[in-house]
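Chemist: The primary structure of each chain is shown beneath.
There are 2 protein chains.
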Amino acid sequence: MEEKILGLLEGREFPKAAQMLKDMNPADVAQVLEGLPGQNMPLAFRLCPKELAAEAFAYMPPEAQEVLVRGFSDKELEEVMGQLFLDDAVDMLEEMPANVVKRVLRHVDAETRKGINQVLNYPKDSAGSLMTMEYVDLKRSMTVAQAFDRIRRTGVEKETVYTCYVTDSRRKLEGIVTVKDLLLAPMDAVLREIMETNIKYVTTHTDQEEAARALGKYDFLALPVVDFEGRLVGIVTVDDAMDVIEEEATEDMEKMAAMAPSDKPYMKTGVVDTWKKRVPWLLFLMVSATFTSLIIHSFEDALAASVVLTGFIPMLMDTGGNSGSQSSITIIRGLSLGEIRYADVPKILWKESSVALLCGCTLAAANFVKLMVVDQVSLLVAGVVCLTLVLVVLVANIVGSTLPILADRLGLDPTVMASPFITTIVDAVSLVIYFNIAKALLGI
Amino acid sequence: MEEKILGLLEGREFPKAAQMLKDMNPADVAQVLEGLPGQNMPLAFRLCPKELAAEAFAYMPPEAQEVLVRGFSDKELEEVMGQLFLDDAVDMLEEMPANVVKRVLRHVDAETRKGINQVLNYPKDSAGSLMTMEYVDLKRSMTVAQAFDRIRRTGVEKETVYTCYVTDSRRKLEGIVTVKDLLLAPMDAVLREIMETNIKYVTTHTDQEEAARALGKYDFLALPVVDFEGRLVGIVTVDDAMDVIEEEATEDMEKMAAMAPSDKPYMKTGVVDTWKKRVPWLLFLMVSATFTSLIIHSFEDALAASVVLTGFIPMLMDTGGNSGSQSSITIIRGLSLGEIRYADVPKILWKESSVALLCGCTLAAANFVKLMVVDQVSLLVAGVVCLTLVLVVLVANIVGSTLPILADRLGLDPTVMASPFITTIVDAVSLVIYFNIAKALLGI
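These protein sequence lines map, in sequence, to chains A and B.
My numbering applies: residue 1 is where the first sequence begins, and numbers increase by one.
My numbering applies: residue 1 is where the second sequence begins, and numbers increase by one.
Extracted from the complex, chain A is given alone in its bound form:
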């Protein structure tokens, strides 16, 4: 699609390109435009009908938006900003340099400017920074017919009309009524009688992930956001909640792999930025791994006496690391989905220990056969390796399952207690167990 449009643009067949773009979905237009090189992007953007162009703009990544905004005339800027929903405008401005933000704010109407400034002031990753202020508000004394009138009059510029909010004169949230409720009620019913008063809401400072999960839990299309005085200030919509869920999962995976989370997609992140996200953790883990070296150094005599033992170090360390990762990632995900609570610790410890003993014995049995048949080591050495294996898996599962919960309990992010960190700890413990068992059983 990109190639086709690019071909038409370069062949200066603008009407044909315009025709193709016109029939596309805004999200697809955004994707095609984003891939066009140099001046072709602004060119294609101007070929789109105004409304489609503004919609596509909302779907574009901040870098592409910045290129476009810098090229806009004042009139174009006013048009596009006039069409954007408030939350999309804020998303865009959050990523732009100050001079661009100033220029944009000069070209929006006073009310929008006030809204943008308010939302920009909420903490990053809070429900306040995610919400839109464009919702339909109704009064409890309205009839269904009046409610429909108001939706028809004000609905065009609202992001969602399907959930409407009933507020009092001081903007306190009194009830919620959906368009489905309105459609199924008689036209002369009064909202007071049909509105839902058992309201789920979040505050402006609730974490955006919590807000997104609440929306998912209750299967809502939008969730109201209130300020500290209980006044309705905005709503979080399901499409934004879905994006948050995706972003948070990506962030969790990045942290699990010992990287600082990144805002941008991989292909748009520069080499130096990627380096900055990755190297601090690598350094930290490398320093931690020196403990392992210290342990090996302190057992150098034992190793020199029985060099065959060295060969099993990687297998023992890897197995411990892998078992620990399995436990820690299971627990971290459970915590993040709200399936695991602090009160579950005894049950978790029991389960992880049982699983560890089962896994450890299976691995030890397989390994024992291999040690005797393939490696043909002495029965004692095989015993040392297999016994260590069982203990290492046990320690790995206990460490891997308790550290994330402990971190969570202390108000830290449990995600950093994932594979790399657990592996480093388990490595050191494994070696101490290994060498001590070897010393005891082999008498070295």
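Since the hints were made in silico from the structure, they are not lab data.
One should not assume that every hint holds.
In this list, chains with the same sequence are indistinguishable; a pair is considered to hold if it fits within one copy or across any two.
Think about it this way: if two alpha-carbon atoms lie no more than 35 Å apart in a straight line, the pair counts; the simulated DSBU-like pairs of lysine-lysine are [stated by the list, open to error]: (1) Lys200 - Lys347; (2) Lys172 - Lys158; (3) Lys439 - Lys124; (4) Lys180 - Lys75; (5) Lys217 - Lys124; (6) Lys180 - Lys114; (7) Lys200 - Lys4; (8) Lys276 - Lys264; (9) Lys124 - Lys75; (10) Lys75 - Lys139; (11) Lys75 - Lys264; (12) Lys217 - Lys264; (13) Lys217 - Lys180; (14) Lys217 - Lys4; (15) Lys370 - Lys200; (16) Lys264 - Lys124; (17) Lys351 - Lys180; (18) Lys158 - Lys370; (19) Lys347 - Lys16; (20) Lys200 - Lys16; (21) Lys277 - Lys264; (22) Lys351 - Lys268; (23) Lys439 - Lys75; (24) Lys180 - Lys50; (25) Lys217 - Lys50; (26) Lys217 - Lys75; (27) Lys264 - Lys22; (28) Lys439 - Lys16.
Please build the complex by placing chain B on the supplied structure of chain A, with the hints as guidance.
Modeler: Same frame as chain A, but now just chain B:
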């Protein structure tokens, strides 16, 4: 909340318990009921008003649903099944033993039974198995007023009324019209004129993750599902799409930690099931790790000649494993979000190599200082370790970034090419590099 309800039930204060439950959201009722021990769950369930009970039932996990279904009288079963949306009924039946399924199917009306059987026949994890068949269908010749009439008449039992589907006499999908479009159009407008004909859809056999992401990409509330002849058979709704996105992220994380993905939440999975999910990968990786042992064995002479080298093996292996995880998880997530394509391989290789050299040199510099000041090894040994470090990180990033893409290209699941697998490969390669550099520079 659970404790409070449980206290009321055990004190036989049923009216108070009923009053508390009545005012709660169905999702919360489900959560409370799920946590009640023994016969208290069915008891509390029966205290809820019928509609609330049925709604809460849909939110409950399959195990709790099974307990309830087994205790239901035929009349109760008919009532609850009559209230359930088709897709929730299917979700429930997918997890139940055959005798329970049979009993349930005996107690639903013929049309529902037909729908359930049809959906149960689609492949697991397909859009067909995720969809609901309860949508509002309209005809192109209807006026807006007629459309509203039809929505009012049939809407109560539809999962969503906000997106309506215009079909021809052979059920071919002709257009889409939202309630917002209908509200903003004049009452005598004909659907033909206002419906959107550029339709995004999936087929019954599309992967559910793809369907969920399409819904997210276009910010839809529902996405139509058509069969191979282009006939509309159902819709996927945004609440189910959100659940899919969460489940798929959990599955990816589990696979990244070398576990078979699990359907059930951690706290509900038994010890033996957990063991079965974890031990095959541990065994496989343990066997792979024996290559590492073979490599160490084959360099035993070199190690005996310079025992100090052994101490740095864990640090080198860990750093390689960590760097490889960083690359592989970044790439796997990028693939799963559709941000990375096969054509990007050259760019990715260039970026990963550059990042690797930057990271490797940073780590080597830090390590060199530590080796000279703390460990006080010879300049040559420090050189061997630092040079190895740079090469190991380089290899780790290249292996970590290319293997997932290769797996994806071959139609395999890239997720298994995550940390544990990469670590095993990188470990072996690291040791070969280390010993060869040591042999060359130290002349052992």
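Chemist: All hints are to be evaluated individually against the structure, with a verdict given for each.
Modeler: Evaluation of the provided hints:
no.	hint	result
1	Lys200 - Lys347	within (32 Å within a copy, 47 Å between copies)
2	Lys172 - Lys158	both (20 Å within a copy, 32 Å between copies)
3	Lys439 - Lys124	neither (55 Å within a copy, 53 Å between copies)
4	Lys180 - Lys75	between (39 Å within a copy, 29 Å between copies)
5	Lys217 - Lys124	both (23 Å within a copy, 23 Å between copies)
6	Lys180 - Lys114	both (32 Å within a copy, 27 Å between copies)
7	Lys200 - Lys4	between (48 Å within a copy, 20 Å between copies)
8	Lys276 - Lys264	within (14 Å within a copy, 37 Å between copies)
9	Lys124 - Lys75	within (31 Å within a copy, 52 Å between copies)
10	Lys75 - Lys139	neither (37 Å within a copy, 42 Å between copies)
11	Lys75 - Lys264	within (30 Å within a copy, 55 Å between copies)
12	Lys217 - Lys264	both (28 Å within a copy, 17 Å between copies)
13	Lys217 - Lys180	both (20 Å within a copy, 25 Å between copies)
14	Lys217 - Lys4	between (43 Å within a copy, 22 Å between copies)
15	Lys370 - Lys200	neither (59 Å within a copy, 56 Å between copies)
16	Lys264 - Lys124	both (15 Å within a copy, 33 Å between copies)
17	Lys351 - Lys180	neither (46 Å within a copy, 51 Å between copies)
18	Lys158 - Lys370	neither (68 Å within a copy, 61 Å between copies)
19	Lys347 - Lys16	between (66 Å within a copy, 32 Å between copies)
20	Lys200 - Lys16	between (50 Å within a copy, 22 Å between copies)
21	Lys277 - Lys264	both (12 Å within a copy, 34 Å between copies)
22	Lys351 - Lys268	between (43 Å within a copy, 11 Å between copies)
23	Lys439 - Lys75	neither (81 Å within a copy, 70 Å between copies)
24	Lys180 - Lys50	both (32 Å within a copy, 20 Å between copies)
25	Lys217 - Lys50	between (37 Å within a copy, 21 Å between copies)
26	Lys217 - Lys75	between (43 Å within a copy, 29 Å between copies)
27	Lys264 - Lys22	within (29 Å within a copy, 45 Å between copies)
28	Lys439 - Lys16	neither (81 Å within a copy, 66 Å between copies)
The structure fails hints 3, 10, 15, 17, 18, 23 and 28 (numbered hints given earlier, in ascending order).
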